[in-house]
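> One-letter residues, chain by chain:
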Amino acid sequence: MIYVYSFLFCGIVSMIGQIILDNTKLTAGHITSLFVIIGAALDTFSIYDKIIMYVGGGALVPITSFGHSLIHGALAKASEYGIIGILMGMFDLTASGITAAIIFTFVFSLFFRPKN
Amino acid sequence: MEKKEYKKIVDRHKPTETRVQNAIISFLVGGLVGLIGQGLIDFYANWLEISTKDASTFMIVTLVFVASLFTALGFFDKWVTFARCGLIIPITGFAHSMTSAGIEYRKEGPIYGLGMNIFKLAGSVILYGIVAAWIFGTIRYLLLGGI
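Protein chains in written order, with the working numbering: chain A, 625 to 740; chain B, -14 to 132.
Just so you know, not all the hints are guaranteed correct.
[To be verified] With a cut-off of at most 25 Å between alpha-carbon atoms, the simulated PhoX-like pairs for lysine-lysine come out as follows:
#1 A/K701 / B/K63
#2 B/K92 / A/K649
#3 B/K63 / B/K105
#4 B/K105 / B/K92
Since the hints were derived computationally from the structure, they do not count as laboratory data.
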């Protein structure tokens, strides 16, 4: 059942993005930035945590989970070190994704040329 | 006259239908990526016998790797043009934007090309993500006291 929920949630989030892209002047850059902010906002009162509990991987794949991971890492450190912990823990959970993207990009851009 | 009116009606309906089609394609492709994500989590959790939380990190890295590799090989651009938000909204879009910027600007040199342009497209996601997370995180910390 979690596979069905994953499919539906990730599909619906992508579809909302596409509808905004087609019907307004906003570009893909605007939409991804907007969705990250929405992800962080939803987690202010643990709403996104509940979504992940029911939906599983489908909620971790869209860019909204990036905002959720940022705020979560920050709050985990904040509970330990106080308000300065928000600065310390910001990248904790997203570090793997960002570092992987940087390293793969660096390696691939050494070996591949643009196609066109 | 009838033909003219017919053409008018066609013109009025054409963009809407493309929009509906785009939305359906995004839904299906985005859903498929979500499905693969959940599948990878289950696969890693069972295969490596790790917790779901660790498996989700493995899943993110796998998706980032696949998107970067396919972008470098040159055919991911076509997929993105076809599926639009279906591939841009999932984490694959983040990796795609970085790798395509990296490969595009690589020819301008390692510092002024690659180094300064790698975050050209992904930078806004990180910037606004961090600003938003800082604001909302501070609010939640002050109101609810952390977790």
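> What are the numbers of the hints the structure violates, in ascending order?
1 and 2
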